[in-house]
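A.B. asks: So the chains spell out like this:
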Amino acid sequence: QKEVEQDPGPLSVPEGAIVSLNCTYSNSAFQYFMWYRQYSRKGPELLMYTYSSGNKEDGRFTAQVDKSSKYISLFIRDSQPSDSATYLCAGAEGAQKLVFGQGTRLTINP
Amino acid sequence: SAVISQKPSRDICQRGTSLTIQCQVDSQVTMMFWYRQQPGQSLTLIATANQGSEATYESGFVIDKFPISRPNLTFSTLTVSNMSPEDSSIYLCSVGLGVYEQYFGPGTRLTVT
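Going line by line, the protein sequences match chains A and B. So the first sequence is numbered by our numbering: it starts at 1 and just counts up by one. So the second sequence is numbered by our numbering: it starts at 1 and just counts up by one.
If you are wondering where the hints come from, they were derived from the structure by calculation, not from laboratory data. Just so it is clear, the structure is predicted and the values come from calculations on it, not from any experiment. Mixed in with the good hints, there may be bad ones.
[Said to hold, decoys possible] Below 25 angstroms or equal to it, Euclidean Cα-Cα: the simulated DSS-like pairs (lysine-lysine) are: (1) A:K97 x B:K65; (2) A:K67 x A:K56; (3) A:K97 x A:K56; (4) A:K56 x A:K70; (5) A:K42 x B:K7; (6) A:K42 x A:K67.
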């Protein structure tokens with residue numbers, strides 16, 4: 001079993017829709033959770049991070065962590081074609097020891 | 001954040017040869033990492049590049065296959081040695097800032113024929 005599981009998609013939604021991206025993890029020691037966005041032929045860019053359980057909002061993006069169910073979510077409101085990318089979730093037990101999910105490929109259709 | 005560049009951006013290499021990938025950061029950083037991203041797969045950490053000492057390799061990766069240098073706090077190289085088609089992948093360097101934040105370079109796309 002992989003430590004971080006993520007549905008690879010692809011996921012295709014119309015512009016303006018709310019997007020929900022999800023991951024599950026198995027390592028109870030994870031304390032930090034990150035979402036990265038990766039455009040085609042580019043390196044991943046850090047989108048959001050959270051520590052432990054709870055929600056964090058940044059503009060149109062909301063990251064949610066439920067440690068009791070080992071579930072990580074990223075919500076994108078008012079999705080735009082520029083949001084089309086692969087989204088990777090990651091968990092970390094300690095400093096800089098990131099474990100990534102497979103990534104979900106998202107397409108926002110105009 | 002940090003600005004990270006990698007050279008080359010892509011290469012096509014013959015089986016049995018070696019390729020050295022360079023990673024340059026615009027500021028001094030303590031922690032640098034090398035990852036591999038195979039098609040449709042997640043990022044897999046190869047090793048942590050330590051300045052002034054040997055790199056720390058993850059399970060499944062060995063120094064003879066992936067020698068790493070870290071001569072200073074802004075530069076590192078990863079060599080993929082004695083390549084086979086299974087080494088075809090994207091190789092990424094990253095730098096660690098703070099406790100958990102990592103910033104990635106654009107990647108090197110390697111094809112081995």
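A.B. asks: Now tell me if each hint is right for this structure.
C.D. replies: Checked hints:
A threshold of 25 angstroms between alpha carbons decides the hint, and for K97 (chain A) with K65 (chain B) the separation of about 22 angstroms falls inside it, so the pair holds. For the hint pairing K67 (chain A) with K56 (chain A), the CA-to-CA distance comes to about 14 angstroms; that is within 25 angstroms, so the pair holds. As the CA atoms of K97 (chain A) and K56 (chain A) are separated by approximately 21 angstroms, the hinted pair is consistent with the 25 angstroms bound. As the CA atoms of K56 (chain A) and K70 (chain A) are separated by approximately 17 angstroms, the hinted pair is consistent with the 25 angstroms bound.
Only pairs whose Cα atoms come within 25 angstroms are accepted, and K42 (chain A) paired with K7 (chain B) is accepted, the gap being roughly 14 angstroms. Note on K42 (chain A) and K67 (chain A): the hinted pairing is violated, with a Cα-Cα distance of about 31 angstroms set against a maximum of 25 angstroms.
Of the hints listed earlier, the one the structure fails to meet is number 6.
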